[in-house]
Structures are given as structure tokens and as C-alpha cells.
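Novice: Now for the letters of each chain:
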Amino acid sequence: MDFLRPSTLEEALAAKSERPAGVPIMGGTDVMVDLNFDRSRPPALIDLTRIAELREWSLEGGALRLGAGVSYTRVIDGPGAHAPALAQASRSVASPQIRNRGTVGGNLGGASPAGDCHPPLLAAGAVVELASVRGVRRVPARDFYLGPRRTARQDDELITAVLLPRPAGPQHFSKIGTRNAMVIAVAAFALALDAEKRTVGTGLGSVAPTPVRAEEAEEFLAAEFDWDTGAPPAEPVVRRFGELAASATRPIDDQRGSAEYRRHAVGVMARRALAWAAAEYRGGLGGGTRCA
Amino acid sequence: MTAPGTTRAPAGLSSGTPDGIGTSPRRPDGTLKATGEFAYSSDMWAEDMLWGMTLRSPHPHARILGIDTTGAIALPGVYAVLTHEDVPGEKRYGLEYRDQPVLAFGKVRYRGEPVAVVAADHPETARRALDRIRVGYEVLEPVSDPRAAAFDPDCPLVHEEEPPEAREEYGRRGNLVRHQPIRTGAFASGAAVEELRARAGAVVAADYEVGMQDQAFLGPESGMAVPAEDGGVDLYIATQWLHVDQRQIAPALGLPEDKVRLTLAGVGGAFGAREDLSMQIHACMLALRTGRPVKIVYGREESFYGHVHRHPATMRFEHGAMGDGTLLYATLEIVLDGGAYASATPAVVGVASSLGLGPYEVPNARVDAYGVYTTNPPCGAMRGFGAVQACFGYESQMDRLAAELGMDPVDLRIKNAVSQGSRIITGQEIDMPLPMAEMLRRCRDMPMPPAREELEDPSDLRTLPGGTGNTTHGEGVVRGVGYGVGLKNLCYSEGFDDHSTARVRLEAVGGEPAVTVHTAAAEVGQGLVTVQGQIARTELGVERVTVLPADTRVGSAGSSSASRQSYMTGGAVKTACEAVRDRVFALARERGTIPAGHSGEGLSLAGGKLVSASEGVLASLAELLGGAAVEETREYRHRPTEMLDPTRGQGSSHTQFGMCVHRAVVDVDLELGLVKVVALDAVQDVGKALHPQQLAGQIQGGAAQGLGLALMEEIQVEEGRIKNPSFTDYLIPTILDTPPMRIDVLEHPDPHSPYGLRGAGEPPTLSSTPAIVAAVRHATGRPLTRAPVRPEDIAGIGPRRP
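Just so you know, the sequences run in chain order A and B. Residue numbering for the first sequence follows our numbering, beginning at 1 and increasing consecutively. Residue numbering for the second sequence follows our numbering, beginning at 1 and increasing consecutively.
Just to be clear, a hint being listed does not mean it is correct.
Stated by the list, open to error - Computed footprint of chain A on chain B, listed as stretches where at least three residues anywhere in the stretch have a Cβ under 8 Å from a Cβ of chain A:
(1) 306–320
(2) 458–472
(3) 723–733
(4) 784–793
Claimed, not checked - Quick list of in silico lysine to aspartate or glutamate cross-link-like pairs, EDC-like style, CA-CA up to 16 Å:
(5) B:723 <-> A:254
(6) B:415 <-> B:431
(7) B:91 <-> B:165
(8) B:415 <-> B:324
(9) B:33 <-> B:43
(10) B:723 <-> A:253
Just so you know, the hints here were simulated from the structure itself, not pulled from any lab data. Each residue gets a CB set at the ideal place from its N, CA and C atoms; glycine is no exception.
All chains, full assembly: derive it from the sequences and hints.
Specialist: Now the structure itself:
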């Protein structure tokens, strides 16, 4: 196995182009596990830790550009305020040691259905930036996850950044594990309200072969939500939203939980997140700013 | 010499020398472990060493048709590939029955059973060599259901051959490893349960289940075998009992025991999982074959297959009481899944039966405890050892009975509590203080944790069920309170010749007295090295004590198991120190330091001096000893115990009883089934606290392990395959799952034990599990008859598995 250490993005893209089966590595919290268990034996590792721009984040007109190599710890401490659901998800990732090394780009690269970043990226309408020697392209998160651990990324492409629009309303993320920290999601749910576009975003994790949205639930709530006053949604609306969210799941029974529990849990998390979001929305209206 | 101050000095032995018993000196390994510098067994290294690796069976039950190693041995860098044909001596070993093959032959009986071992110059080479070994299997029907194994006469046999040591009184037949019945009162004279049921004012009956818990030590199985010039082998190993390893390894190697020398390597946790052999014989075989040191370190997944687990149990209980709550009768049928090999199953059955109904006065008892062979992962020793499973059942029953009677659950327990002078269901008298009623009252009277609304920041996710997952901001959260109490036997039981050996040497070094203590007792993290030093300081009045590394150059210390080492090796060190002290007194008499005709009354060693109560300091030890060294070796035994009789299960089978009472307070998210344990407070009687800080660690650790069993820890087995052999999916409590613990330590001395002490490591592991599950029941109103409780069970969603 070759260990490549490009020092610029250009070198990295060239390396990935020459060695499309090479696996990029930043924090190593996923890649090294696979290597140690002998689950994969790539011909090359492409170490991206020397490429400074991957570890940077910036605000462009209120939108967040998050380098693929920004660690979870830095997401929480830095740009978290500009991506509330992603920050909440980052807080729930593993242990402090893992959060210090693991990155959002790595989560996207692995594309595990249980990855904690996916639901908030789906809900918030994030865009994944992919680069290769051929150029740069941007793929919405909702089009990124194609199958189990399979994404829209081409073999010669690197994930360079994630772009998140300025939050135009409340965002929440919830994740269930059988213990109270350091656990892989049994089920996860993210919700984002967009007060400007009057749309709803959702993201569901660990309940289908890929991270998924609950599109029916989104459309239902966008129509039913009182965008003018943020009045607490009526009980039947809350219930229906939960049911629609649950119906978007395609869960399995495994060692972490039953399919039935996962479906149930998504419904509960969706109802609770809606209540939190509505209350925050009303608070935002009263304060004159909308949860910026 | 006659100054008033000095004449009073020796009054209390521990007052003369710092860091004696009853104080909490620093443990020598503490800083090293906290900073990551401690050398564990997996850290060992030798210049010319080879790496050993194990090929394991992919099937839970299969006949071996043939093993072809030619491809593996042909690989460059491979030095040896060994199968059962290469075992030089006895082909089987075992703690109680020799029923476990060193390397499988004939058939494999569990998934993960070792079939071949290789030694290579690099772990990667060894792994590739394993891939090139061809094993032909004829797959057989697995024996997965322990109840079928116990009771279905048509169930296939796991062992066709009778193990040589099978004991008639264990009722071994078919797949039964041991059946132990107990009959007392009306049941002893053949009464049917219906007769007693008719006389009872309240009857409760239920089935309970306990899943397969893992010891989850962090340091995987590892060790290094070094071939010696005399044809023997030196093994550096993380284990719980050096001599029982030696006793099993030597016959397998075809060597006399003195050619198989063991030294304890750094142990990264044990909890029973290191009682059985793992890689010991394999490493020795490879070292002897290759003439090179061989190191074997299991990976984490391999470790889950490489050691025994806690027996999963199914239990059927019935309790009948008079209208006032006085217990009239109780029955229990418990089936313990021992997996493929016997390991400690017979002894676990002995504990599960004799303590099966707990610390309650039960005039009419009927218990049947079964340990069975299946083709599931082997189960054996784990902290609590058969008493944990039963305790979950009988404590659940006490709550159910209290509800049936409309009584307070603590009052019901107090009403039926045993105490000194009581007899447990085996007829054995509790002949030591056991203030259970007082302990229950003290536990109930402990202050409650603040309510959620009284918290400084109730929105802090870390205080809520679901924790940092942000699943509730208080919605659906209900508080519950529950109690649990457990009775545990301490030290080995049922007639076992339980003993420990200590060698103690006193001499002057550089003008100062110094003591050396040598035992074979395994420091597994519990703090035994510290305690040995404390005892020597107290007994010999010498500050400078060195505890030598544990090895087989000194006699057996017995196992670091059964909460027994403070009692047994502590007792051995104390006894050896007393012998040394007597020799010092004799020397002092010879030299005239103690005047002729002195009765010996009031003589002691304190502060590095020989002291008389009446005359003060007689001499400094350094002066008295000069160049002489005083060395004594002593074996210590606890009082003898008896086998249970095979029909009615009567007999004084236990040495000592320990008890812990727990109160759990939990917040439960009823909709999502998630739990936050808010408080887990304990009252435990330890007789005498030798090292209060380490004692607190034992109680906290035991309680946390019980918390794990209550809420999350389970090895999930499907057709013999472990579905979660990793710490990603075998969950153990984190700091966010483990609440603050208030601990009330009582010290009612046991007249039979050294210093009156009582083993402390296991009792809290019993009581915390039922206390937590009771609290979750209190919050949810659900019956919750299975540990661990799963989110599905709390939320009322169907079971995960058929």
C-alpha cells in the first residue's frame, strides 16, 4: 500500500486522478477502522492533512463554506452557530478524542447510513463540493446519497467542502442510542424550517439503506404550518407529521435496534422537533430576528 | 525509655506505622495507568520474538473432516503451524472438567473455537498463513436453545464422551453439566406446590431472563512464552490465577509443573474472564516448537470469542406469602447456558441454587438449578457468578409480591430479611453479623437526589435520558425509584481446598528495616499489591515494604476471584508476618533484648522498633537484626466448607456472606425507552475497610457493571454467532450513564476472617441491576422481566428477536 502525502490541493487532485482507487484520509476515524479490521485494503492512502484549505471555514453572505477537513470539535466551537443542526449532530459524535480528529468530509466520504452529519445536511439543504482535475462541481446533499455507502462522488473526485445556506429558521437534530453518549445512532432525525421560503427540510439517519428525507412530511408541514404566527401546530398536525416522517423509513432489525422501534422513534423525534422548532420560531418572531 | 509518651505508643498497631490497614495509601500502578505508561501484557516485546495467531472455527457445531496446513507452512516467515496432532501431552484441559480441547479434534462445539495456531515473524504473515490452512467441516445442527438442551431428550449431544471428572453427585447426563436441587420444609417431605399455594394469602409467579453479559475488560488476552534451556518454558501472562494455569498447561505440554514457570504480566482487567485459559498453551507450544519467544495478543473481536461470558439464564419463580407479607414458600427453576465447555459451570450452578432465593427467610423452598452444554459461546466466571442472575429474579419477585400485597417493597424485604443466626435454604447458618434490615433502612433514609426542576440547569442535555443525543427536553420523562439487595458467597465454596501462600522476609537494608512480601496473587486492578503492603506495615511496624512480582516461585495464592484475595492472600500475608514477628521476638530473647522471664505480653513491632507496652522501645529492628534476615512462608486456609447433598441441596457450602443494598433513582423517557440513572446509592457491610478509597472503587465499579447489565450490556448470539463482538456494539456505561454514588460502608466484623474483613468486590454487582430495573418499572408501570431492559421493552414495542 502506498502512502501519498500531497501538500497542495492540486497535488491531491492529481494523485486522486492517477490513483482513483486510493482512499483519502484525514482524521482516520473511519478509514483506520476498516484497515485494522482488514475490511478494505486500498492500493494507496492519500493523506490530506497537509492541505490547509480543507481545514478552513468561511462565511459567504451568511452561507457557510465548511472545508471537508474541519473536525467536529471545530464545527462545534466555530461555525456551529451558522449550522445549528449540524453543530448538534457534531456534539453527539462519539467521544471528545474522535471529535478532535473526525471530519464532516470523512462522514460524507464513508456515507454510512448511520453517519451523524447526513440528516442535518439533508434537512438544511446543504450542497457538497466535489473537485477533480476536471474541475469543481456542486451536488445537493439530497442527490448525493445513492445507495448503501455509495455516493455521487466520482472515483477521481475529492470532497473539498460542504456549503450550507444561512439558516432562515429553527433547526434541530436528535439521535437515539442505547446509552447516553458515545454511541452509533439507532435512529436520527433532523428538522429545518425555512421562514423565508416557507419550506421544511428533514433528514433521517440509520433507518434506511441511505440517509433519506421524509418528503411527504416536509410538504405536509410546509402547507400546515402557520408561517405568519408560528402558532403551535394542532395535535392532529403534529401526529400526522410524525406518521409521515416514520413512513419515510425503511429500517431493518439489527444488533442496535428493531425496525419497528426505529420507525416508532423517528415519529417521536419528529413530533418533538416540530414542537421545539415552532416554539423557537415564535420566539424569533417576537425578537424581531428569525433565528439567524 | 520510661517517658510516659513512649509507653502508650504501641496501643494500636496501625497507629505506629503510616500507610497500614485502614488508610488509603497510593497504589504503585495508579499514576502509570492514568498516564498510559503502565506495561500491560500486550506491551511485551523480545528481540527475536515470533507472533502467534489462532485459526478459529467458523461454525458453532461441525465435524472436522481434515486439516491441511501445507499451504500455510510453505509461506516464507512462517515458523510453525500446529494442530491437535502437535499437542505434546493431554489434549484437553479445563477448570473443573477436562473437556476443552487445546486445539479442536473430532468436532468443533462453538463458533470461534481454536483449530490451529501459527507462529510467524510478523502478525500480517501469521494472518496470511491462517488464510492458507484448509479445514474440512461437516456442519452439524447447532444446539442453541439451553432449555431444549436441558429437558428435550431428543436434543443432539454437544459432548458424546463423558468428561473424566464428571461427578455423580452433579447429576450429569445428556447435555446437563450439573443439576442441583434444593428441598426444604414441606418440599423436603414431598409436598406439592399446590398445597402451599392453597395456604398462601398472596402468590406471584413469573418468568425472568438475563442476557449474556461480557466482562468487557480493556486489556485483551495476551502473553509471551519464552523457551528455556532446560527444555521448559517461561510464560509471562495476564491471568487471575497463575497456579491453576500452570496445573492445566504443564500436562498439555507433557512437562512437569516445575518446567512451566509463570510470571504475572500487566493485567488489564479480569472480572472472571481470565479464570479459564485462552492463549497460554498455544503460546507455549509454539515457543517450544520454534525455540523462539512467542507473543500472542488477541484483537478485540477475537477477544469476544476468546473468553467465557456470564451465563445467560432463564428463570421461573413462584413466591407465596401470608397476608401480612411473611414468606410461606418459594420455588425456582433456573437454567444457565454454559455453552460448549464446562468451564466454571458446576460451581456457578452451586451458587445459583444455594443463593437462588436470596437473603430471605423462606420456610419452604424448592429450587432446581441446571447448567447445560450448548453450542453457544462458553460461559463461566464473571463477577457475581450465578448469584447475579438469581438476584435479578428474586428481587423482581419481591417487588411484585409487595405490589400484590399493597406493601412498601422495602418493608416487605425487612419483614423477611435474614440476619445473624438465620439459615439460608441450604440449612447453612449465617454465623456472622448481617444487619440486612438496618442496611435497608439506612439505604431508604439516604437523601434523595434533587428533582429535575431543582437542577441548576434542567435543560442540560447531560442530565436527561438520551443525553447528548438531544432526544428530549423533558417530554415524556418520568422518575422512578427502586431497591435491590443481594447475597453473595465470598471465597471458594463446596469443599474446595481454598488457600493462599505468602512468603515474608524482614531484614535491615542500609540501616533501616525492610520487608519483602512475595505471593503468587494476581493484581488484576483491584489493588491487592497495595493491601499486601498495608498488612505487612501494620503487622511488622515497618514502613518500607516491597511486594515482589507475582510468579510461581512461591506457592499458590488461589484465584483473584470470588471477592477472596483480601481475605485469603491478606490472611496469608498476615499469618506469615505473625510468624516473622514471633521469630523476631525469639531472636530478641536470645540476645537478651527481651528480658528473660518476660511473658511476651504487650510486645509488638511498631515504627521500626521492638516495643513493650510496659517498658516502651526495647530496640530498633535494624540493630536487633544486624545482618540477619528473618523469612517465613505460610499457607492460609479459610474454614472448611461442604458439598451440597445431591437430593435436597443441604450443606454449609459457603465460607462467608456479603451483602450490598442499592437504591436507584432513574429518569425514563417513556416514549423512546431511554433511561438516565440519576442516583445509585449503596449500603454495604465490609466487616473492615482495609483501604477505604480502593473499597469505594470496588463498590462503584461493581455497581456500574450491574448498571450495564440492567440497561445495555448483552452479547447477542444468533445461531452461535456473536452479533456484536466490538465495543462499538457491545455497549458499556460511559461517564454520562454512570451517576454519582453515595456509599455508606458498615464495618461489622466477621469473627472468622482476618481483621473481620468481608470480600467486597461482588455484592454491589448483584444489587444494582435489580434496583435499576425496579426503578424503571416504577417509572413505566411495565413488568420488564428481562435484563438488560431494551428501549423497545420500555416503549412497548415488540421484541427485536423472534
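Novice: Hints first: check each against the structure and report whether it holds.
Specialist: Taking the hints in turn, this is what the structure says about them:
Counting residues of the stretch 306–320 of chain B whose C-beta sits closer than 8 Å to any C-beta of chain A gives 0, which falls short of three, so the coverage hint is violated. For the stretch 458–472 of chain B, the stated coverage by chain A holds: 9 residues have a C-beta nearer than 8 Å to a C-beta of that chain, and at least 3 were required. Check on the stretch 723–733 of chain B: 6 of its residues sit with their Cβ under 8 Å from a Cβ of chain A, so the three-residue criterion for coverage holds. Three residues within the 8 Å Cβ limit are the bar, and the stretch 784–793 of chain B against chain A gives 3, so the coverage statement holds.
With a CA separation close to 8 Å, the supplied pair residue 723 of chain B and residue 254 of chain A stays within the 16 Å bound. Simply put, residue 415 of chain B and residue 431 of chain B have alpha-carbon atoms about 20 Å apart, too far for the 16 Å limit, and the pair is violated. With a C-alpha separation of about 15 Å, the suggested pairing of residue 91 of chain B with residue 165 of chain B holds against the 16 Å cut-off. Restraint check for residue 415 of chain B and residue 324 of chain B: the C-alpha separation of about 9 Å stays at or below 16 Å, so the hint holds.
Only pairs whose Cα atoms come within 16 Å are accepted, and residue 33 of chain B paired with residue 43 of chain B is accepted, the gap being roughly 13 Å. Between the alpha carbons of residue 723 of chain B and residue 253 of chain A the distance comes to roughly 12 Å, so the proposed pair stays at or under 16 Å and holds.
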